[in-house]
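Number of protein chains: 2
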Amino acid sequence: MDVTDYFDEFTRRDWQTTTEGTVRMAVVGLGSFARNRVLPVFSATEFCEVTLLVSGSPTKAGAVAEEFAVDRVIGYDEFNSGVATDRYDAVYVATPPAFHREYTETAARLGKPVLCEKPLATNVHEAEQMVEACANSGVTLMTAYRLRAEPAIRRLHELIQDGVIGNPRQIKAGFSSQLLDNVSPDSWRFDPDIAGGGALIDLGVYPLHLTRFLIDSTPDAVWAETTSQSPQFDRVEEHVVVELLFPNGLTASCTASLNAHPDNRLQVLGTEGQVLIRDPFSGRMSQELLVERHDSQTKYVGPSVDEVREEFDYFAHCILTNADCETDGEEGLTDLRIIEAAYESAETDKQITI
Amino acid sequence: MDVTDYFDEFTRRDWQTTTEGTVRMAVVGLGSFARNRVLPVFSATEFCEVTLLVSGSPTKAGAVAEEFAVDRVIGYDEFNSGVATDRYDAVYVATPPAFHREYTETAARLGKPVLCEKPLATNVHEAEQMVEACANSGVTLMTAYRLRAEPAIRRLHELIQDGVIGNPRQIKAGFSSQLLDNVSPDSWRFDPDIAGGGALIDLGVYPLHLTRFLIDSTPDAVWAETTSQSPQFDRVEEHVVVELLFPNGLTASCTASLNAHPDNRLQVLGTEGQVLIRDPFSGRMSQELLVERHDSQTKYVGPSVDEVREEFDYFAHCILTNADCETDGEEGLTDLRIIEAAYESAETDKQITI
Chain P
0 MDVTDYFDEF TRRDWQTTTE GTVRMAVVGL GSFARNRVLP VFSATEFCEV
50 TLLVSGSPTK AGAVAEEFAV DRVIGYDEFN SGVATDRYDA VYVATPPAFH
100 REYTETAARL GKPVLCEKPL ATNVHEAEQM VEACANSGVT LMTAYRLRAE
150 PAIRRLHELI QDGVIGNPRQ IKAGFSSQLL DNVSPDSWRF DPDIAGGGAL
200 IDLGVYPLHL TRFLIDSTPD AVWAETTSQS PQFDRVEEHV VVELLFPNGL
250 TASCTASLNA HPDNRLQVLG TEGQVLIRDP FSGRMSQELL VERHDSQTKY
300 VGPSVDEVRE EFDYFAHCIL TNADCETDGE EGLTDLRIIE AAYESAETDK
350 QITI
Chain V
0 MDVTDYFDEF TRRDWQTTTE GTVRMAVVGL GSFARNRVLP VFSATEFCEV
50 TLLVSGSPTK AGAVAEEFAV DRVIGYDEFN SGVATDRYDA VYVATPPAFH
100 REYTETAARL GKPVLCEKPL ATNVHEAEQM VEACANSGVT LMTAYRLRAE
150 PAIRRLHELI QDGVIGNPRQ IKAGFSSQLL DNVSPDSWRF DPDIAGGGAL
200 IDLGVYPLHL TRFLIDSTPD AVWAETTSQS PQFDRVEEHV VVELLFPNGL
250 TASCTASLNA HPDNRLQVLG TEGQVLIRDP FSGRMSQELL VERHDSQTKY
300 VGPSVDEVRE EFDYFAHCIL TNADCETDGE EGLTDLRIIE AAYESAETDK
350 QITI
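Here the protein sequences line up with chains P and V, keeping their order. The opening position of the first sequence corresponds to residue 0 in numbering that gives the first Met the number 0, with each subsequent residue numbered one higher. The opening position of the second sequence corresponds to residue 0 in numbering that gives the first Met the number 0, with each subsequent residue numbered one higher.
Bound-form chain P, shown alone (with noise of 0.2 Å):
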């Protein structure tokens, strides 16, 4: 078994079959991430354009169609109401969590394919609403996990998978960042009706999900515990830790913190072999990623790819094709259950099983 093999053609996306078509795309809500990392990317995707923003701030909006040649402003009213529905073909979502609900039904009533920002929603009950809602109206429902377009993921999935390190036993990984060098403290993060919670449903969801995924499996069991030690963070969590017990024995050690020294990592450990790799969640960097399989190691830096690109390019795609979508809304409801279920266990000091 060649481990370099994995590395071969890095960058390349498994999941195309086409390269044909254009899906014209509604921004919906203009917070930082939506103008700092998705704007700027649609130039630069294969398959999708930008036609259409929302926004309850008009002023605001109307810089930002300028700088990106966005024709076309709307209210979110006037979303709700229809407006301009011939100016696109499907809808990013990208309120804070607990506006996601209302966004993406509208849409679906509409008739308009969905990608939506993680967390789904603020809770399950909305998240299910919402899957329903999508299932109903025969819209596609994407969960905006983008490290699930990250070529380095991929290639780690397909290199676990096929049984490079054995079987996976332990995996720890883990999230952390300085909330407060990056947003104001009456930012809506620290409102938990709108969050949906802290370091957990913001941060925590990363590890959560990327362990699914490279295992393919969801856990039957959950503990988690949430800390909060500064002021600001009295009513989110400002630290969490959550293991997931796998059916197949398989535990997860996930950790996230919204005020600690800015990091993510992840370990696999494995009867065979190991993984690790450097920055898997933070977009834009080139990922480190070490194999070691017996007493070989492989080491590989692969090159920067802008996984905002790729998840537009594979939702529009999906879109384009007719294909399923792997990161659909019963995935993105998935870890909010799993969530929801880590925070009980959080408040009760129980294990809760799933």
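Read the hints as simulated data drawn from the structure, not as lab findings. Bear in mind that the values here come from a model prediction, so they are computed numbers and not experimental data. Backbone N, C-alpha and C define an ideal beta-carbon position, used for all residues, glycine too. A hint or two may mislead.
Unchecked claim - If you anchor each label on the Cβ, the simulated ranges turn out as follows: (1) V:Asp185 x P:Glu287: 48 to 56 Å; (2) P:Ile193 x V:Trp187: 19 to 27 Å; (3) V:Gln128 x P:Gly162: 43 to 51 Å; (4) V:Ser216 x P:Gly162: 54 to 62 Å; (5) P:Glu19 x V:Ser229: 48 to 56 Å; (6) V:Glu346 x P:Glu325: 36 to 44 Å.
Stated by the list, open to error - Incomplete in silico selection of chain P near chain V, CB under 8 Å: (7) His260; (8) Leu268; (9) Glu343.
Given chain P, work out where chain V should sit, using these hints.
This is chain V only, laid out in the frame that chain P set:
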């Protein structure tokens, strides 16, 4: 704050106050660790010599005595009867855990200080009796946590205590090996009555004890899961994950495995930085230390130091200077209390308050 200052005089013995004296040691139990790792280092120690071997197998012991130029070999019964007490000043107990109590109690009765291998005993009850016996006789009891004599670990402790990485918030530490590559399937290591358990008590005690040392604290609650997939591990656990919850909100995710790719590493994530160390537990490797603080990164590869030699010199130095021993019997007992709580958690699926 210049991180590199911590790496000056990296291998310094911060505990050393004298250069004089020799402690004559009796080595009780001649298993592979005693033969391969301990006996060869006496010639390199500053404060120790080995003057007596105690073994249940005279044939094996004769050859070993010759190899290491030890004049006298006696059996376990003779040791218990106080034979040859004029030949040694202190005792090193290296038998399987189930026999630690008997020989430690003998040493206490004979007024000889004891260095006892980890785990201190197979359970809390035995360890309590050992601590009490040594206290009553006024002899030092040291738990053989050789990692505590490791320069890289001591430097790490200093810089964490000095606040170089801010407040530690999350720790991840793991230790895995492939036991079946090193011992036969009928080894005592697979017998819970002799070993006290599997991955947790044998390897898990390293990340557990290291965490406690680095942050100078003791957890007030614990959660754990033990799993076994292989038939050889039907009586002791193959893998374990333990979560330690500390009073200040810090959480530590500790894993161990007796049947996975050999690896050991530690990450301490703080509010202002982090430290990572590769191979903290393997004993003879030169360790790679990485200290990150805000945007600065310092990497240090320490010189190779034999931590067994350091451990024996530390023990002898405590005896010679009449100093308190950092890793006394209480330390070993505290870890066993946490380990017993962890086994209870794994058994009951409940978080256990300690």
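A quick look at each hint next to the structure:
One distance hint, 48 to 56 Å for the beta-carbon pair aspartate 185 (chain V) and glutamate 287 (chain P), is violated here, with the actual separation near 43 Å. Between isoleucine 193 (chain P) and tryptophan 187 (chain V) the C-beta distance comes to about 58 Å, which lies outside the given range of 19 to 27 Å. Taking the beta carbon of each, glutamine 128 (chain V) and glycine 162 (chain P) are about 48 Å apart, inside 43 to 51 Å as hinted. At about 41 Å, the beta-carbon gap between serine 216 (chain V) and glycine 162 (chain P) misses the expected band of 54 to 62 Å.
Remark: the range hint 48 to 56 Å for glutamate 19 (chain P) to serine 229 (chain V) is upheld by a beta-carbon distance near 51 Å. Hint check: glutamate 346 (chain V) to glutamate 325 (chain P), Cβ distance near 38 Å, so the stated range 36 to 44 Å holds. For histidine 260 (chain P), the interface hint holds, the least distance from its beta-carbon to any beta-carbon of chain V being 5 Å, beneath 8 Å. Taking 8 Å as the C-beta cut-off, the interface hint given for leucine 268 (chain P) holds, the closest approach to chain V being about 5 Å.
Evaluation of the glutamate 343 (chain P) hint against chain V yields a violated restraint, the C-beta minimum of about 13 Å exceeding 8 Å.
Hints 1, 2, 4 and 9 from the earlier list are contradicted by this structure; the remaining hints agree with it.
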